[in-house]
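Visitor: From just these sequences and the hints, can you work out the full model?
Here's the letter readout for the chains.
Protein chains: 2
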Amino acid sequence: MNNKTEMNETKNTQRTMLPEPTLRRLPWYLAYVTMLDNLHVEHVSSTQISKELNVDASQIAKDLSFLNIKGKTRIGYDVHKLVKELTDFLGFKKKHNAVVIGAGNLGAALMQDKGLSQYGLDIVAGFDVNPDLVGTTMCGIPVYGIDELAQRQQEYNASIAILTVPVEHSQQMANTAIDCGIKAIWNFTPFRIKAPDDIVITNTSIYAHLALIYNRMGTRK
Amino acid sequence: MNNKTEMNETKNTQRTMLPEPTLRRLPWYLAYVTMLDNLHVEHVSSTQISKELNVDASQIAKDLSFLNIKGKTRIGYDVHKLVKELTDFLGFKKKHNAVVIGAGNLGAALMQDKGLSQYGLDIVAGFDVNPDLVGTTMCGIPVYGIDELAQRQQEYNASIAILTVPVEHSQQMANTAIDCGIKAIWNFTPFRIKAPDDIVITNTSIYAHLALIYNRMGTRK
Numbered sequence: 038m039n040n041k042t043e044m045n046e047t048k049n050t051q052r053t054m055l056p057e058p059t060l061r062r063l064p065w066y067l068a069y070v071t072m073l074d075n076l077h078v079e080h081v082s083s084t085q086i087s088k089e090l091n092v093d094a095s096q097i098a099k100d101l102s103f104l105n106i107k108g109k110t111r112i113g114y115d116v117h118k119l120v121k122e123l124t125d126f127l128g129f130k131k132k133h134n135a136v137v138i139g140a141g142n143l144g145a146a147l148m149q150d151k152g153l154s155q156y157g158l159d160i161v162a163g164f165d166v167n168p169d170l171v172g173t174t175m176c177g178i179p180v181y182g183i184d185e186l187a188q189r190q191q192e193y194n195a196s197i198a199i200l201t202v203p204v205e206h207s208q209q210m211a212n213t214a215i216d217c218g219i220k221a222i223w224n225f226t227p228f229r230i231k232a233p234d235d236i237v238i239t240n241t242s243i244y245a246h247l248a249l250i251y252n253r254m255g256t257r258k
Numbered sequence: 038m039n040n041k042t043e044m045n046e047t048k049n050t051q052r053t054m055l056p057e058p059t060l061r062r063l064p065w066y067l068a069y070v071t072m073l074d075n076l077h078v079e080h081v082s083s084t085q086i087s088k089e090l091n092v093d094a095s096q097i098a099k100d101l102s103f104l105n106i107k108g109k110t111r112i113g114y115d116v117h118k119l120v121k122e123l124t125d126f127l128g129f130k131k132k133h134n135a136v137v138i139g140a141g142n143l144g145a146a147l148m149q150d151k152g153l154s155q156y157g158l159d160i161v162a163g164f165d166v167n168p169d170l171v172g173t174t175m176c177g178i179p180v181y182g183i184d185e186l187a188q189r190q191q192e193y194n195a196s197i198a199i200l201t202v203p204v205e206h207s208q209q210m211a212n213t214a215i216d217c218g219i220k221a222i223w224n225f226t227p228f229r230i231k232a233p234d235d236i237v238i239t240n241t242s243i244y245a246h247l248a249l250i251y252n253r254m255g256t257r258k
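Read top to bottom, the protein sequences are chains A and B.
One rule links them: number in this note's numbering = place in the first sequence (from 1) + 37.
One rule links them: number in this note's numbering = place in the second sequence (from 1) + 37.
Please note that the accuracy of each hint is not assured.
Which copy is meant is left open, so a pair is good if it fits within one copy or across any two.
Said to hold, decoys possible - Capping the alpha-carbon separation at 25 Å, the derived lysine-lysine pairs in BS3-like fashion look like this:
id: 1; residue 1: K231; residue 2: K151
id: 2; residue 1: K121; residue 2: K99
id: 3; residue 1: K107; residue 2: K118
id: 4; residue 1: K130; residue 2: K118
id: 5; residue 1: K118; residue 2: K131
id: 6; residue 1: K99; residue 2: K118
id: 7; residue 1: K109; residue 2: K121
id: 8; residue 1: K130; residue 2: K88
id: 9; residue 1: K151; residue 2: K107
id: 10; residue 1: K88; residue 2: K151
id: 11; residue 1: K220; residue 2: K109
id: 12; residue 1: K107; residue 2: K131
id: 13; residue 1: K99; residue 2: K231
Everything labelled a hint here was simulated from the structure, so no lab data went into it.
Guide: This is how it looks when you write it as structure tokens:
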């Protein structure tokens, strides 16, 4: 086992570009160990996590090697410390300012989801073209006209734009957001956004997930 | 080209178990061609779609071969027909009854997202344990106590449960839903749900997507 080298290479690496599958699994581990922590369980092994989550134990050990935590032989990881390390590592403790672009339907829904702030996402404002929405607040969050984005950005300095506009406006609104200094776009539209390389684009394709459910239900009857 | 065989094998296949990547891409095509249709564009080639969406043209042709539509040489696909075929094929035209389990935060948000019904998802009821929520309605959708699920299911006969409960209740609530005849679980919790093979589980890991955004932003500065 020359895990040591890997550990050294990847310690203090909040800024390491983690593999996407690892980033997908780490929140599963966090969910599970948070549950254990609430039940006052003190230690957990990768074998235990493996049984519960159906992920290979060696994969779990590898994923967790990115973190600044070491399991003890025969005892496993300190649960409380693991919760803390995972939360920090995933960026859920830090506050990230975000704006919602498109404050109808899904956009409005996300503005009303208080759960996101527990994961470090602080929605500070919404933007829309609909005169019925502009000037209102949703759960205390103000909604402005989209033409105010540049000006408001100076005030809020948000780094993330949550894109929930109708698909035909996706690209144009993404461009506007980027021009206003947005660094990452969380794209909920089914449109493939094009952006410069230094802009982070993450797609959450809820309609594709629906299509997947429908298809799988159809074939499993 | 022996595309013919493939076409024959896969025609009339609303019930074919499609590859997940194909199911992820089809909604992108739909979004794009819907836009073209709104602009009264009549034909589109896979090459054109390819340029717009950064997907290989041969991959697009292959994905679209699952559908009951054929492109014409040098002209391409009929845009209007492609919109209709994709919408039907993805199940967005059909009505699918769904219940939300966990009507706080994200659950409430999804109940208020009228956009989902345009994609065939009809949320008919919410369920929760919170006495402040039970007995209320959200956008006209009633919220019941979770103990009423079995009884209400007889009335609603929903096939899909949208799971938005706190992580420590995920598995138990999934079990309850399955016992009540739910066929598919759209899991928004970070917990890995275990279920019998004939139950469809689809995970939408929005917190994992947040972790991905945070990580990528950190490494790109």
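Visitor: Hint by hint, say whether it matches the structure.
Guide: We went through each hint and held it up to the structure:
1. Proximity of K231 to K151 under the C-alpha cut-off of 25 Å is found in neither arrangement, the shortest distances being 30 Å within a copy and 27 Å between copies.
2. Taking CA atoms no more than 25 Å apart as the test, K121 paired with K99 passes inside one copy only; the shortest distance there is 18 Å, against 46 Å between copies.
3. Taking CA atoms no more than 25 Å apart as the test, K107 paired with K118 passes inside one copy only; the shortest distance there is 10 Å, against 58 Å between copies.
4. Proximity of K130 to K118 under the C-alpha cut-off of 25 Å is restricted to the intra-copy arrangement: shortest distance 14 Å within a copy versus 48 Å between copies.
5. With identical chains, the CA atoms of K118 and K131 are at most 25 Å apart within one copy only, with a shortest distance of 17 Å there and 48 Å across copies.
6. With identical chains, the CA atoms of K99 and K118 are at most 25 Å apart within one copy only, with a shortest distance of 17 Å there and 49 Å across copies.
7. Taking CA atoms no more than 25 Å apart as the test, K109 paired with K121 passes inside one copy only; the shortest distance there is 17 Å, against 58 Å between copies.
8. Proximity of K130 to K88 under the C-alpha cut-off of 25 Å is found in neither arrangement, the shortest distances being 28 Å within a copy and 40 Å between copies.
9. For a Cα distance limit of 25 Å, the shortest separation of K151 from K107 qualifies neither inside one copy, at 33 Å, nor across copies, at 47 Å.
10. For the homomeric pair K88 and K151, neither the shortest alpha-carbon distance inside one copy (32 Å) nor that between copies (39 Å) is at most 25 Å.
11. Taking the closest pair of Cα atoms, K220 and K109 never come within 25 Å of each other, the shortest separation being 39 Å inside a single copy and 42 Å across copies.
12. With identical chains, the CA atoms of K107 and K131 are at most 25 Å apart within one copy only, with a shortest distance of 23 Å there and 51 Å across copies.
13. Taking identical chains as interchangeable, the C-alpha atoms of K99 and K231 lie at most 25 Å apart only when they sit on different chains, with a minimum of 24 Å there against 33 Å within one chain.
Consistency note: the structure conflicts with the earlier hints numbered 1, 8, 9, 10, 11.
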